[in-house]
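2 protein chains.
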Amino acid sequence: MTQQAEIYWSSEEKIIVKTALENAYAREVSALVEDVRQRATQLTGTEEVWQLHDFLSARRHDIDGKYDDRESFLLYTLSRLVKDGWLDLSELVGLEPGKRAKVNLLTRM
Amino acid sequence: MTQQAEIYWSSEEKIIVKTALENAYAREVSALVEDVRQRATQLTGTEEVWQLHDFLSARRHDIDGKYDDRESFLLYTLSRLVKDGWLDLSELVGLEPGKRAKVNLLTRM
Numbered sequence: 007m008t009q010q011a012e013i014y015w016s017s018e019e020k021i022i023v024k025t026a027l028e029n030a031y032a033r034e035v036s037a038l039v040e041d042v043r044q045r046a047t048q049l050t051g052t053e054e055v056w057q058l059h060d061f062l063s064a065r066r067h068d069i070d071g072k073y074d075d076r077e078s079f080l081l082y083t084l085s086r087l088v089k090d091g092w093l094d095l096s097e098l099v100g101l102e103p104g105k106r107a108k109v110n111l112l113t114r115m
Numbered sequence: 007m008t009q010q011a012e013i014y015w016s017s018e019e020k021i022i023v024k025t026a027l028e029n030a031y032a033r034e035v036s037a038l039v040e041d042v043r044q045r046a047t048q049l050t051g052t053e054e055v056w057q058l059h060d061f062l063s064a065r066r067h068d069i070d071g072k073y074d075d076r077e078s079f080l081l082y083t084l085s086r087l088v089k090d091g092w093l094d095l096s097e098l099v100g101l102e103p104g105k106r107a108k109v110n111l112l113t114r115m
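Going down the list, the sequences are from chains S and A. If you want this note's numbering, it's the position in the first sequence, counting the first as 1, plus 6. If you want this note's numbering, it's the position in the second sequence, counting the first as 1, plus 6.
Do not take every clue at face value.
Where chains are identical, the list cannot tell them apart; a pair therefore holds if satisfied intra-copy or between any two copies.
[Unchecked claim] For lysine to aspartate or glutamate, the following EDC-like pairs were computed, each having C-alpha atoms within a straight-line distance of at most 20 Å: (1) K24 - E53; (2) K108 - E77; (3) K105 - E28; (4) K72 - E53; (5) K24 - D70; (6) K24 - E77; (7) K108 - D41; (8) K105 - D90; (9) K108 - E53.
Bear in mind the hints are in silico, worked out from the structure with no lab data behind them. This one's a predicted model, so the numbers in the text were calculated from it and none came from an experiment.
Could you build the full structure based on these sequences and the hints that come with them?
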């Protein structure tokens with residue numbers, strides 16, 4: 007991942023992005039909760055409980071790194087969430103069109 | 007925890023101890039599986055899934071450290087499992103009486 011060139015974010019845009027990130031996070035973790043519940047009902051063996059732990063460690067590491075809200079990474083962060091299906095481009099309406107185009111472009115990389 | 011003085015373990019005793027440790031481990035992890043299932047059914051919020059991860063990390067760390075089967079630690083390991091209820095002193099029948107007495111004594115410390 008390369009750092010984006012300095013981009014100006016207006017306070018309105020910051021609110022849109024913040025909301026978008028919060029919504030994506032809520033969706034992703036909610037799906038994770040469903041997944042964990044599912045796995046938990048199938049827990050039987052002793053090894054499986056450690057596999058569940060490994061799974062949660064990996065998902066947490068992934069999610070922690072993914073929601074990078076530093077301004078210089080926002081376009082990349084948003085594009086990745088769109089790509090992974092946790093965010094829809096339509097939720098970024100209100101951002102300067104050039105930014106949305108860049109997010110869109112990044113989702114194809 | 008202080009290291010036990012050099013103790014001789016016969017091959018029969020080693021088998022008894024190995025079986026005892028395996029049984030205690032199976033019981034403890036089986037109780038953990040039940041606990042995790044229970045917690046998983048109650049998962050709702052986003053924070054709770056990370057709390058479940060923290061819980062599993064702590065339990066794994068605890069359990070990994072607990073089943074120390076180095077010979078010089080066996081008496082301590084066994085006593086701790088008896089103390090925690092995962093092992094019964096009766097499962098150590100076949101060990102030299104002096105060892106069982108020491109395990110019993112250590113459970114009260």
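Hints and how they fare:
{"no.": "1", "hint": "K24 - E53", "result": "between (39 Å within a copy, 18 Å between copies)"}
{"no.": "2", "hint": "K108 - E77", "result": "within (14 Å within a copy, 63 Å between copies)"}
{"no.": "3", "hint": "K105 - E28", "result": "within (19 Å within a copy, 59 Å between copies)"}
{"no.": "4", "hint": "K72 - E53", "result": "between (29 Å within a copy, 17 Å between copies)"}
{"no.": "5", "hint": "K24 - D70", "result": "within (16 Å within a copy, 41 Å between copies)"}
{"no.": "6", "hint": "K24 - E77", "result": "within (11 Å within a copy, 56 Å between copies)"}
{"no.": "7", "hint": "K108 - D41", "result": "neither (32 Å within a copy, 47 Å between copies)"}
{"no.": "8", "hint": "K105 - D90", "result": "within (19 Å within a copy, 59 Å between copies)"}
{"no.": "9", "hint": "K108 - E53", "result": "neither (45 Å within a copy, 32 Å between copies)"}
In summary, the numbered hints that this structure violates are 7 and 9.
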